[in-house]
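So that you can map any letter, position 485 of the sequence shown is 525 in our numbering, and since no number is skipped, the others follow by simple counting.
Think of the hints as simulated: they come from the structure by calculation, not from any bench. Hints may contain errors.
As the list claims (entries may be wrong) - In silico DSSO-like links for lysine-lysine, alpha-carbon gap of 27 Å or less:
#: 1; residue 1: K179; residue 2: K497
#: 2; residue 1: K497; residue 2: K144
#: 3; residue 1: K497; residue 2: K199
As the list claims (entries may be wrong) - Ranges between beta-carbon positions, derived for each pair:
#: 4; residue 1: P184; residue 2: K457; range: 36 to 44 Å
#: 5; residue 1: N438; residue 2: T183; range: 34 to 42 Å
#: 6; residue 1: D393; residue 2: K304; range: 33 to 41 Å
#: 7; residue 1: D94; residue 2: D143; range: 30 to 38 Å
#: 8; residue 1: T429; residue 2: P490; range: 17 to 25 Å
#: 9; residue 1: S300; residue 2: A329; range: 20 to 28 Å
#: 10; residue 1: P81; residue 2: K382; range: 50 to 58 Å
#: 11; residue 1: S300; residue 2: D433; range: 50 to 58 Å
#: 12; residue 1: S300; residue 2: T183; range: 22 to 30 Å
Glycine included, each C-beta is placed from N, C-alpha and C at the ideal position.
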Amino acid sequence: MIENDILLTFANSLFVILSTCFILTMYLSWNDNYWLKKKIPFVEPSKIFGNIKDVILMKRTIGEVYQQIYRKLGDKPLGGFFKLRQPILMVKHPELIKIVLKDKFDCFQANDIHVRRDTNPILKMNPLLASGATWKTMKSTFTPIEDYKTLEGMVDSMKTISGQMNEFIKDYGILSVECKNLAGKYISDVIASCALGMETNSFKEPNSEFRKMSDRLFLKTNVKSNIALLLALYAPDLANWFRYRIVPSEVSKYFIGLLSDICKYRVKENVTGNDFLQLLINVNKESEADGEGTVYNYDKITGLCMTVFIDGYMMTMNPLSYLLHDIALNEDVQEKIVEEMKSLEINTINDIDLNKIQKMTYLDMVLSESLRLHPPVQAVTRICTKKTTLTFDQHEYNVGVGTPITVPIYALHMDPKYYENPTEFIPERFTAEAKAQRNEFVYLPYGKGPRACPGAKFADLILKVAVISILTKFKMRLRDPLRTLKQDPRSSLINSAKGELMIHFVDTTTDH
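The task is simple: from the sequences and hints, build the whole structure.
Next comes the structure, spelled out in structure tokens:
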């Protein structure tokens, strides 16, 4: 009897083991022939991680891993690979990229990122997570921030904060200043001012609650938050199960409470400002005056303002630190920018205005080249929302609903076919003549098409005002010019430099 029980237990255990092995084997191999059946070239994956092992283990960034896949596909216009066990299509040729991002946008409307709004309330109004009619409504909300009049009105705030930044540099520049920290203070103050009308002065009050929370939101890379982002990008089912937060709970609560208080105070006391928050309040007032009711409640206003704050910060903080690094490393470039400033009679911060900035063609070339080398987001991935066909060079590639399609921005920017000696800093790549000879879809720092970054002009203006302001008073040089610049693999999607970026500032307005 005992022997029978033992045999039965053994048989049951063996059945469970064999069933588990069978299920695991099926899971690891069920999609192996996916791209072969589609007759699309692909890069051979590993069984568990697919082609993104180094991203998951935080050894390399998405940009670097996708660049490797891009190169392995050789001259193929597109090719398949796997994120874990899910097939994903990479479009390489600029004409195919144009089809995905612009010509057939209605078939590729949704971004491939899945975030639970209940665990990430601060992100719930972000158009990055929306699609269809919801996305269109959200996008139209941000359109006014690109108007000339709106941008012109924000320059004064940027100049004031730039003055505070220069005073900070004057006090600490002789000992070298850490560039990411400098950029973080400047950008958070500018965005807070232009979006919310807040005067935060992070340079004089680095230990304020606002500064601490901003650091936790952006600068201090949190492994758990990065895992949450990786799950949102590559394993949405696990993301729903673990309920990890991309933004820590206490940080979300702080900003939601802060924005709600500011908005209520503005409305109650009839206080006006020259910022994005005021644009939303004005829309409400106009709608109510027409008898159509309130358009944006406090919850929506908070979400939309946080979108400007978060997206604006992410699209400018790291680019500014990279830009200052590139200018400090290339002395000849720095001198040409100063010469251009002098030709427009920009000698102090007070001389800066939007009209003069728009005439600075060389500075625009320098910024474009820095964004080429260090795109803020290194890849964009869309989901096929409507069955379609990609046609190229007499070949047709069928794409089914739910298929992710990725555009490898960093790989395109570093392709010698489009940019000779791609690792070198050469602003002349962006003369009007050079740009006219190049397909516009091989330069995508802010994306292209209907889902391109709606705040690109705003971001460019923030970066340019910072550089001009610094160069009215200082000359920059790297503390360690021989150090190799590397990307931080703990920053999955946003391109951030690894380690410190130390710059020495020399005051050019005093005699030494």
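Q) Which numbered hints turn out to be false for this structure? A) Hint check: nothing fails, all pass.
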